[in-house]
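Engineer: Okay, here's what each chain looks like letter by letter:
There are 6 protein chains.
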Amino acid sequence: MTREDGRSADQLRPVTITRNWLDHAQGSCLIEFGKTKVLCAASASEGVPRWRKGSGLGWVTAEYAMLPQATHDRSPRESVKGRVGGRTHEISRLVGRSLRAAIDYKALGENTITIDCDVLQADGGTRTAAITGAYVALVDAVEHLRSKGALTGEPLVESIAAISVGIIDGVPLLDLPYVEDVRAETDMNVVMTGGGKFIEVQGTAEGAPFDKPELDALLELAAKGCADLTQLQNDALGR
Amino acid sequence: MTREDGRSADQLRPVTITRNWLDHAQGSCLIEFGKTKVLCAASASEGVPRWRKGSGLGWVTAEYAMLPQATHDRSPRESVKGRVGGRTHEISRLVGRSLRAAIDYKALGENTITIDCDVLQADGGTRTAAITGAYVALVDAVEHLRSKGALTGEPLVESIAAISVGIIDGVPLLDLPYVEDVRAETDMNVVMTGGGKFIEVQGTAEGAPFDKPELDALLELAAKGCADLTQLQNDALGR
Amino acid sequence: MTREDGRSADQLRPVTITRNWLDHAQGSCLIEFGKTKVLCAASASEGVPRWRKGSGLGWVTAEYAMLPQATHDRSPRESVKGRVGGRTHEISRLVGRSLRAAIDYKALGENTITIDCDVLQADGGTRTAAITGAYVALVDAVEHLRSKGALTGEPLVESIAAISVGIIDGVPLLDLPYVEDVRAETDMNVVMTGGGKFIEVQGTAEGAPFDKPELDALLELAAKGCADLTQLQNDALGR
Amino acid sequence: MTREDGRSADQLRPVTITRNWLDHAQGSCLIEFGKTKVLCAASASEGVPRWRKGSGLGWVTAEYAMLPQATHDRSPRESVKGRVGGRTHEISRLVGRSLRAAIDYKALGENTITIDCDVLQADGGTRTAAITGAYVALVDAVEHLRSKGALTGEPLVESIAAISVGIIDGVPLLDLPYVEDVRAETDMNVVMTGGGKFIEVQGTAEGAPFDKPELDALLELAAKGCADLTQLQNDALGR
Amino acid sequence: MTREDGRSADQLRPVTITRNWLDHAQGSCLIEFGKTKVLCAASASEGVPRWRKGSGLGWVTAEYAMLPQATHDRSPRESVKGRVGGRTHEISRLVGRSLRAAIDYKALGENTITIDCDVLQADGGTRTAAITGAYVALVDAVEHLRSKGALTGEPLVESIAAISVGIIDGVPLLDLPYVEDVRAETDMNVVMTGGGKFIEVQGTAEGAPFDKPELDALLELAAKGCADLTQLQNDALGR
Amino acid sequence: MTREDGRSADQLRPVTITRNWLDHAQGSCLIEFGKTKVLCAASASEGVPRWRKGSGLGWVTAEYAMLPQATHDRSPRESVKGRVGGRTHEISRLVGRSLRAAIDYKALGENTITIDCDVLQADGGTRTAAITGAYVALVDAVEHLRSKGALTGEPLVESIAAISVGIIDGVPLLDLPYVEDVRAETDMNVVMTGGGKFIEVQGTAEGAPFDKPELDALLELAAKGCADLTQLQNDALGR
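Chains as they are written, first to last, in the UniProt record's numbering: chain A, 1 to 239; chain B, 1 to 239; chain C, 1 to 239; chain D, 1 to 239; chain E, 1 to 239; chain F, 1 to 239.
Hints are computed from structural coordinates only; laboratory data are not their basis. Every value quoted in this text rests on a predicted model; they were computed, and no experiment measured them. Any given hint might turn out to be false.
Repeated chains share a single entry, so a pair holds when one copy, or any two copies, can fit it.
In silico SDA-like cross-links for lysine to any residue, where the CA-CA straight-line distance does not exceed 20 Å [to be verified]:
hint, residue 1, residue 2
1, Lys-212, Lys-224
2, Lys-148, Asp-73
3, Lys-53, Val-157
4, Lys-212, Ala-223
5, Lys-106, Gly-153
6, Lys-106, Glu-185
7, Lys-35, Arg-7
8, Lys-197, Lys-212
9, Lys-197, Glu-220
10, Lys-106, Gly-207
11, Lys-224, Val-15
12, Lys-197, Ile-168
13, Lys-212, Gly-195
14, Lys-197, Asp-169
Required output: the full structure, derived from the provided sequences and hints.
Structural biologist: Structure (structure tokens):
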């Protein structure tokens, strides 16, 4: 089996992370997985939501959205429809949950970091690009708080990256672009720490149900991809 | 480690499935996992959504919701707030996706089955109870279509059940009630076929990240729980 | 004239009130008028809405809603449509108003009781079943507050029940199921106290306008039905 | 007992009906009950809503609303809040139901009349002024359709008027302005035909429950008020 | 070129300003530009929005809306659609901005004036009638605050009026009714002070782009119209 | 007077237009006016909205929006708030109107071009950058339709550019960044054709009212700025 873009089964698409793409946000990057482009922006502000006040703990939240012309066919704007779609809701929750796993709330102190992941162009893997880029923006937002003396310790306890994997014609593949995504029998998004542990595993049988050996093969591929992404994040962050 | 309700680690809570709890719906059941009560109702109607017309294929969709007093503290009604929350959206999508894996669209013909899962009382595991009960309602709705001669074959290709598993104090446990759920370091919902294959695997690190052996242990527990639920579904369906 | 279900003109359908159907709510019952099933749940909480703070007075409010598959044909979910329909609004207001007539706000103290009436199955008379069941849940929620020492007196000043009456082919009938409801020329919902006084009288000419003798006949029937329901409430409450 | 404005118990406030207050609407009037001012406008258009097409029957519907500065304290605009309030919904439904009782759908043919009742100033009795004025606008909209040859008979089968009555300090009073309305123990809105039959009776115990003799006294007062309004409508219509 | 209504090119339609048309509002008028009728109501209340508290400055805001039957064909109610349309939003912002130019916030003190402009009938020029009438209501609301001793100086620094101008068949015309508005190649709304300076200039090429001489001619016409309106406002205000 | 960024009064900020920044859209560019970055994307599709079908005429529409972190302080997402704000509505309408002035609907045929202008970073002049960039995207979308043989002539009748001008301390200045914008006494946005005629003139007195000589000075500056932008558009388009 040959992939349309000539990659091997366990190879990422070309990934670029342009750090500080924005001037106002406390942390930001434009992350690209092939043609997928996601603008990640992190704002860091003092204070926490009301339900958390006085706890001494910080908060991290995220919103994911897609521009109307990110996809091949223009999709209606959610603000104009007056409601956030189920898919948007679900991915926003996934991104926020994943980033919160990177953070020690106590060390963050009563500060809030909000991360917006806006998909400027979509070609598969937008949620995994969003999480991977959001982590870079998060690190810079944390540094911003540190430089202001607003932290009470080191809030960054894990490095976080995410990748999609899937099975096409029985072959497990890493980092699926749109043309592969629509053909996948099984589709899985995996969020991992830099140390190789799991934060989220979301596998879905799009076609036939899958068995344990297939699951194992996908997770192994994902571990490889997340390790590669962790390296790219470290490069972008000058670590 | 002893569980508060005295169960062993791999034991389900008492499960009851009261089939045909409603008079109007084409299929229905009240399913209980311990104190969790979900009313599942399936309507079967001729025709499919516009984007599917003329395809010869059927459609299955689901909506999940929770009554305001299902939880310990009353939560505001989504209809009154004017928007469906992210959690509701996400679970509705999960239930729909899971049920669609049970169905051969071609054999269903251009008919639509809509399944509503309304949580009357919540004590952990509402989404897995919803999926497990929804399958029972789905079977009866399919039978209803069959009795009307509206099918073109056997649409039921898989039996579907779902269960939650989690790790507390390092111990993998099956079917978590609310008191266990809030303490779990890792939380996983697994949807499986009667034949023991995976439809959905959704694992989340609530506390520390988890590793492959932990994931394997959880999946094994889940397989045991889903097999037990499949048996209970068959009993309810008189198979 | 014979009724389809064999009842006499002034006879209620079989009524069952299953008290404490829920575990979390401070008061609850599943009430059935024939095939109509309404789940009534009352939450009692300290404090009152902002506009009432410092008044020393309590507050009682209610919300009525219908599950999508309660009716013969599935109706779209109001949360998904993003707005509460006029009928729902109107009945919620009626239920709240009726229950407030049962309460001495001063004796309730600055506590709020919220009653949710969710129609699980609809076969006519859902609003009157809701009010009748809500009163039972209200009593238990008041007892809950009493047991916590949160009351300043006896807030329950009236017992409340409600029934529908209508005229079909010139004959006044009590407690109309759906098949009769759609045929009624005049439709009336009456809320009464246990002592036989009126809380609400809502009569509507669905077909021809009605005259005073017809109105009088309907009110007399309603008084009989409400008295029967009051007895059933007392039985359920162990009075 | 003396009323603040010097009226006798069974006397209407000064009522004026300025017919054809608008230039574009097919029927319109500005109706005033004392300081209460309601602008009623009727549009008549060919065709009926989709669910009624091909039935040969017409349709009449109504919307009631209040300008933000109609009341003593400005209330937020429902369009800005993004939702129609329960009170608005309830009164819109009442107005529509009442007007439909005036109409023979078959004679109306497949035409739709939509009546908007916008309260420009509120001083009690807005819903009854709305219904009374809406009937005048309805008549003109029907005449408009007749002049275009769009009718298949005489659709106006009843004349419709409405009035509020209430009990203050034990005395039944007709046509309550705001200052009386807030003091009323019992509040009733009655819609009647020109022939003295009932279309709607909506009585509510605001304070103590009411008994049958009180109800009878209120209905008698309302009959007197509606008869007076019918005369004023006939005068305005040049009948 | 002759105008359909016989006016000269620089002549206003008949304008009437009925001051204090409402009883409750602190300032109000019904303003008519020909068949265009706008009800302007100003409420004056102590306090300012939260973001302005403690500043010592007042606030003025406005909302513009149109009744459904104001236009030739009934348009759906924005409250029922659940959202304010773009045109409504835009004009509300214009009216508010224009009125704020009339006010010295410091002299107004921490008081808020809210002005509602509701179009009862539309025949072109509704936004300019709204601004012109709103100024009259604003003056009375300011007087109301003055009479209560709530002001700290004279907040009224400018008199404000507005008019539309347009070019039809190459001829600049003042105060366009609907029939002219739809034919205009260029359409301009101009808000001016009593002293002849500009507050807002909004010119739009509806057909062909316009050049500087055309712009100049339109502005000259507008200055003439605003001066005439200022005189009519002064008459209404008894200045 | 010296500008903070050292520009002369009639000088644009550095402007860059990166054409075809997106892969899927039929036309696109990333336009930057200094730190202001707007992504403009045009989709071209066959067919027109329902109200225009069968007319033989095309349609052009636009939507403007701002990412939450485009501004210095993060602003809530309109999709999450569930409504489009007034400013967004107003600018979307302005962009659409301006672009429609560039188009001959007849030559466009029954095709629709939708242009999305998403502000990725805001530093003043976002609406003028949006219009200027949207024109470039529009040209490419028209070319796309031409290459498919979908046009019936040359739809591009005008070239369109837009710039902001304002008066600070009495000095008219071109192309205001945020720091100047907040200080401006008068603020004007001008949309012009490549031939130097006006499409839109929107001037607002933010502080004191302005007079005719000030207006004239601003328009002259704007004409210079639009001419410079037209040149930059032509360069980007390879004209």
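Engineer: Hints first: check each against the structure and report whether it holds.
Structural biologist: Comparing the hints with the structure gives:
| no. | hint | verdict |
| --- | --- | --- |
| 1 | Lys-212 - Lys-224 | both (19 Å within a copy, 14 Å between copies) |
| 2 | Lys-148 - Asp-73 | between (44 Å within a copy, 17 Å between copies) |
| 3 | Lys-53 - Val-157 | neither (23 Å within a copy, 41 Å between copies) |
| 4 | Lys-212 - Ala-223 | both (16 Å within a copy, 11 Å between copies) |
| 5 | Lys-106 - Gly-153 | within (8 Å within a copy, 46 Å between copies) |
| 6 | Lys-106 - Glu-185 | between (42 Å within a copy, 18 Å between copies) |
| 7 | Lys-35 - Arg-7 | within (15 Å within a copy, 37 Å between copies) |
| 8 | Lys-197 - Lys-212 | both (19 Å within a copy, 8 Å between copies) |
| 9 | Lys-197 - Glu-220 | both (12 Å within a copy, 19 Å between copies) |
| 10 | Lys-106 - Gly-207 | between (44 Å within a copy, 14 Å between copies) |
| 11 | Lys-224 - Val-15 | within (15 Å within a copy, 41 Å between copies) |
| 12 | Lys-197 - Ile-168 | between (25 Å within a copy, 18 Å between copies) |
| 13 | Lys-212 - Gly-195 | between (23 Å within a copy, 13 Å between copies) |
| 14 | Lys-197 - Asp-169 | between (28 Å within a copy, 18 Å between copies) |
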